[in-house]
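A.B. asks: Make a model of the complete structure from these sequences and hints.
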Amino acid sequence: MAARSEEWALAELYDRYGRSAYALALRVLRDQALAEDAVQEAFLTVWRTASRFVPERGKASTWILTLVHRRAVDAVRHEQRRRGESLERAAEPSVEGVEEDAWLRLQRERVQEALRRLPDAQREALELAYYGGLSQSELAERLGQPLGTIKSRMFGGLSRLRELLGEPGTEVSWTSTT
Amino acid sequence: MDLHDLTAAYALDALDPDEAEAYERHLSRCDECRDQLAGLSEAAGALAFGTVAPVPPPRLRAVILDAAAAERTNVVPLLRRRWVARGLGIAAAAAACVVVGFVVAGMQSSHTRDFTVVVGPNGKATLSIRGLATAPHGKTYEAWVITAGAAPRPAGLFSGGASSTVHLRGTVPQKAVVAVTVERAGGARAPTTSPIFSTPT
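Those sequence lines, one after another, are chains A and B. Here the working numbering is used: position 106 in the first sequence is 549, and no number is missing along the way. Here the working numbering is used: position 33 in the second sequence is 195, and no number is missing along the way.
Hints in this document: simulated from the structure, not taken from any laboratory. Check the hints yourself; a few may be wrong.
[To be verified] Stretch by stretch, here's where chain B covers chain A in the computed footprint (C-beta under 8 Å, at least three residues):
1) 456 to 463
2) 507 to 515
3) 565 to 578
Think of the CB as a built atom: it goes at the ideal place given N, C-alpha and C, for glycine as much as any other residue.
C.D. replies: Here it is as structure tokens:
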């Protein structure tokens with residue numbers, strides 16, 4: 444019955460990251476059913492490909508959220524093609540009515556603060572790409588900028604974001620393996 | 163297309179599929195891009211936490227765990243997985259699963275037992291039980307698959323405890339009943355006691 448402990452580990456993993464995963468999927472997809480599908484697919488991919496489950500913070504969260512993000516982006520592009528129009532996206536949903544976990548709130552404030560400190564053009568490129576699911580060519584078209592400009596905004600934005608998030612004084616780290 | 167330029171877009175999942183594929187091929191040969199990607203991916207991954215986190219619907223947890231448990235019983239993983247991994251395949255596979263789940267109040271105590279039988283598209287089934295007391299010394303739990311007009315078929319032994327997952331032997335045809343009885347250690351060829359649990363017909 445080796446699978447039993449793995450099932451517990453999957454449950455543990457879901458209990459830790461299910462909420463962040465769902466939040467991310469919902470932000471990109473704006474649709475509960477599609478978001479649930481994306482989360483489910485991501486966790487099942489973990490289940491199929493993990494040779495062993497170690498529900499540790501750092502690596503597992505990065506892996507899961509990367510999978511969720513890819514699924515969500517694929518789904519949003521697929522949905523757009525199906526509808527033949529672009530979905531109105533990328534606005535930050537309201538905090539009202541959402542009971543937040545203290546740790547998640549801290550993470551959110553930290554990331555949002557770092558985003559605020561980016562030049563507008565860089566922040567816009569990151570938000571439209573990451574939360575909006577736009578590809579770099581869609582971004583170029585939408586913003587009426589050459590592809591090269593978009594690429595350098597994304598690169599500059601991510602590099603700067605990394606520096607800002609790595610600054611001391613923000614000691615809460617999601618990469619620590621507890 | 164200069165592939166070195168695509169690192170940030172790749173980290174943000176902002177490449178079209180063919181570009182992403184080309185970049186991944188490039189990545190296997192370019193140490194510089196691999197290093198750069200590690201840093202940029204970290205920053206991109208942090209964006210996941212930059213949004214408000216509503217609580218997912220409670221059923222999502224059960225849906226995921228049941229689907230995962232059911233998949234382990236699928237014996238033809240390679241082809242199936244490839245098919246399943248494509249886009250909506252997973253939703254379709256999940257829909258093809260018959261999930262019979264219900265809660266039975268414990269007889270001897272106030273503990274609630276939770277029995278779930280998940281039958282995969284290929285008839286392979288997993289029985290998950292929570293809250294079932296460990297079988298008494300010298301006894302075991304035995305699962306049965308009962309098809310109309312045939313003798314109950316032994317489908318696996320388990321010892322109970324906080325949580326048990328039993329991959330049932332053989333397949334569970336449509337309309338078959340899955341039942342559990344207490345038997346002497348080593349199991350019986352036919353049930354000798356009344357089922358402590360059986361799925362509805």
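A.B. asks: Any hints this thing doesn't respect? Which numbers, in order?
C.D. replies: none
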